[in-house]
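The two chains are supplied separately, each in an independent frame; assemble them into the complex guided by the hints.
Same order as they appear, the protein sequences are chains A and B. Under the numbering used here, the first sequence has 327 at position 307, and the numbering climbs by one with no breaks. Under the numbering used here, the second sequence has 91 at position 21, and the numbering climbs by one with no breaks.
Hints are supplied without guarantee of correctness; some may be wrong.
As a list, the in silico DSBU-like pairs of lysine-lysine whose alpha-carbon atoms are at most 30 Å apart [claimed, not checked]:
id, chain 1, residue 1, chain 2, residue 2
1, B, Lys227, A, Lys50
2, A, Lys265, B, Lys123
3, B, Lys276, B, Lys104
4, A, Lys265, B, Lys234
5, A, Lys263, B, Lys234
6, A, Lys50, B, Lys234
7, B, Lys123, A, Lys247
8, B, Lys227, B, Lys276
9, B, Lys227, A, Lys263
10, B, Lys123, A, Lys263
11, B, Lys277, A, Lys263
12, B, Lys227, A, Lys265
13, B, Lys276, A, Lys263
Hint data in this document are derived by calculation from the structure and do not stem from the laboratory.
Here is how the chains run, residue by residue.
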Amino acid sequence: MQPFRERLARPGVLLADGAIGTLLLQRGLKAGECPERMSLERTEVLEEIARSYLEAGAEILQTNTFGGSPLKLAAYGLDGRTEEVNARAVAAVRRAVGDRAYVCGSCGPSGRILEPYGDASAELVSDSFRRQMKALIAEGVDLICVETMTDLSEAVLAVRAARSLSASVPVCATMTFDSTPRGFFTIMGTSIEQAAGGLDGAGADIIGSNCGNGIENMISIAREFLKHTTLPILIQSNAGIPKLKDGVPVFPESPEFMAEKGRAMAAMGVKILGGCCGTTPGHIAAMRRMIDASRRPDGPSRATPPA
Amino acid sequence: MGIIQELSESLQRGDAGKVAELTRRAIDGGLDTKTILDDGLIAGMSVVGERFKSHEIFLPDVLLAARAMVAGMEILKPLLVREGIPAIGKVVIGTVQGDLHDIGKNLVAIMLKGAGFEVIDLGNDVSPQRFLDAAQKENAHVIGMSALLTTTMPVMKAVVDLAKERGVHGRTRIIVGGAPLSADYAREIGADAYCFDGTSAVECVKKLLGRS
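Here chain B stands alone, though its shape is the one from the complex (with noise of 0.2 Å):
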């Protein structure tokens, strides 16, 4: 097996130990930062993405997946800034006002990091004019939301209205997902998508921006 299909594998099991040490030997083996990245690390946390969708395995082996990614990207960051490779997309991300629930945002935050995206996390209970500071001040592909609470929902809407108001809608695409919500009520309040999970938010906002 391959330096890169080890590399994959560890991060599969949550192994960032592994992670960590194959991350270094497959650039002190001279391969290439942005074949170790997208067919090391993505590569695997795709498969997680994909098992977790399809039940085959559930939240615990996610967050050490995640756990592993992050330990590689620690080594593989430098590199990547050095040698000028940007993340495919910046995404801004957090849950909205009045809503104190992160644990399906938090997987959202890992399943874009682990698709190469940078993400801005701005955490919970976040103001319509957080999120479009935020969107503004860094330039952000994507505004994606999250919402437990069928209570909260409608901030979704006042998001939307006021990246209107201040010109960024269709620059900057919207996307929601939590799970009260549904495609209808993205459709209903203006938002580019709906995203069901993390798996689907990765496809969602590779296909809005023009990257799948």
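Only chain A is shown next, with the shape it has when bound in the complex (with noise of 0.2 Å):
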């Protein structure tokens, strides 16, 4: 397998996993439950959600570690096994794939504010990316992805202190914005421009957004990406506002709807297509198979699709 700077240098769209969190609830995950102990108590549901998306057709495969960084996982009493958390869930995807495709170290946000709005210092927040960003490296991730970020700052932080630990990982880095009369923003106030030009600046690789609000908010978040950045763009959205259905949430947007958008993002220049809460390997399926239909036959060769 090439090393993934490369793969993401050459032409055509690339191809991430879909929702976790949604699989390990349908997967005996509680309400309120650490997703992260999971890494600790439950590797094979990890390495079983991971092969099911290679099997789908995902070349980026992401680990269990959103809520992996120690002040999230403080929470729950788990801060100090920090390293396990995060070394076991890049291994239990690492068994899974092998060298079939990437891994990617996720880290979410701190679930803090930061001062002066909040009370948590900045050198509090980088050292708690900085520990679990060791430990998904340590443990080696093809690349690391800071995602779900709302305030710029916390953001910049993430990609920094991913940066100080290699100067070679390659750092992705997503945000989620609103759909505002004004455009697109932050629930902290960033618009897609600001979050273009300080992701950049601190140094991440690939730039976009994930989660929100449906698919169709995202083909505009794009465009407007692109207006505001050279780097290549990743966008995974989730599978639209859940809706109740006998009590029980059921995400709207279809494999088949979502794939469709995912062919007007791909059209557009967008490098990176996943899916965020309520997608599943059904959806991922659907977008490798609207990507390998859009493949110009004349074009570019790219490595098959795993089987």
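Here it is in structure tokens:
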């Protein structure tokens, strides 16, 4: 398998995986339980999820470490086991995919609000990211993804933390935007233009957006990013806002619908597509078919997707 | 510009020092305590809520304004107590059991306090028993519950059921909110109302208590 940076430099869309949390819930994770505890107790479930996304055609598999920073783990009394939580999550995905796909270390927000608006110092948040990322890198991730950020200052701290640990590890950074009458902003007030400039400046290799309010908004968000950056763009949309059906939350956007919108984003020049909350291997498989079908016959060769 | 208007505007800017100073000056100038509260602090916070709702300002601005509100209230509170001016209502609030997300809940608490309610914040991961124990002990008018996770939403029904069991539902009204919630869900579980955000929570509680 060629190094991730070389693959990134070649033409063609890269496909990432879909939701992990949604699948963990289907596999016995209880309400309010720490998802990262699965990495300590049930790594076979993580392997199974990674395999199902690999079989669906994903080339980038994320680790179950979204809440794997010590600041987040502290809520469950697991911060003392940060290294173990992160290393075991990486190892599980690696066991499942070998060198058939890239392993991406997921890093979500610290859950704290930075000074002066909140009580968390930049040093506290930065150290927390560094400790998590050090464990991810030591266990051999191919790239790191800082995701679902709403505060640009925090996202910048996270990207810089990764950069301070390794000059070579590719770093993605995605933020979550709301649609407002004045355009797209995070709840903390970061615009797409500010995000693009700030994340690029901090040293991110790939930038974009994840989660959000459905994939149609993501097309507008991607268009806005393309205006403000020359970096490759990553879009991982959720499958819409969940609706209740017989008391059970159901995500409204189908695999076919999301693949169709994914096609539009690929045509615009989005480099990496994938899914967030509510997306399943079915969504990723539909995107795989879309990507393969829109490959030009005379286009440059690319690795055969995993069967 | 009058001092009350200046107070309201300083609060909107999130200038805690100025709000404290103006609150003191207004009191020393013999202005009515209720006027300082209603037309200065609460009026300012109401503008902040509206501007946040319409996306003119963002979370950091609201957090700074809330801090300024607290700075003013700390000075005003002893006077309110001495003059026997009651809060317009008492709300017990929390994020439901199993859910650790409290940014949304905190925002609702900020807006309710900003509107003159007394808010007892139970934090996150609050069990149905704790909600009801607190509501009964405090004689709360309203219980407000928040959930961010689709998986913790069912706890809200357990709270409503326990309120019925203890015979306080009806006397104590129950409101719910959070990203995955909807008015349909609130109806389904027997809550009194669903609130989309902090500003609508204020309107909703006022309406439920007949204070609007």
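Structure-based check of each hint:
1. Lys227(B) to Lys50(A): holds (17 Å)
2. Lys265(A) to Lys123(B): Holds. Lysine 265(A) to lysine 123(B) sits at ~28 Å (cutoff 30 Å).
3. Lys276(B) to Lys104(B): Since the Cα atoms of lysine 276(B) and lysine 104(B) sit roughly 18 Å apart, the hinted pair holds (cutoff 30 Å).
4. Lys265(A) to Lys234(B): holds (25 Å)
5. Lys263(A) to Lys234(B): holds (27 Å)
6. Lys50(A) to Lys234(B): Within the cut-off at roughly 26 Å; holds.
7. Lys123(B) to Lys247(A): holds (28 Å)
8. Lys227(B) to Lys276(B): Holds. Lysine 227(B) to lysine 276(B) sits at ~23 Å (cutoff 30 Å).
9. Lys227(B) to Lys263(A): With Cα atoms ~17 Å apart, lysine 227(B) and lysine 263(A) stay inside 30 Å; holds.
10. Lys123(B) to Lys263(A): holds (23 Å)
11. Lys277(B) to Lys263(A): holds (27 Å)
12. Lys227(B) to Lys265(A): holds (16 Å)
13. Lys276(B) to Lys263(A): Distance of about 28 Å is within 30 Å: holds.
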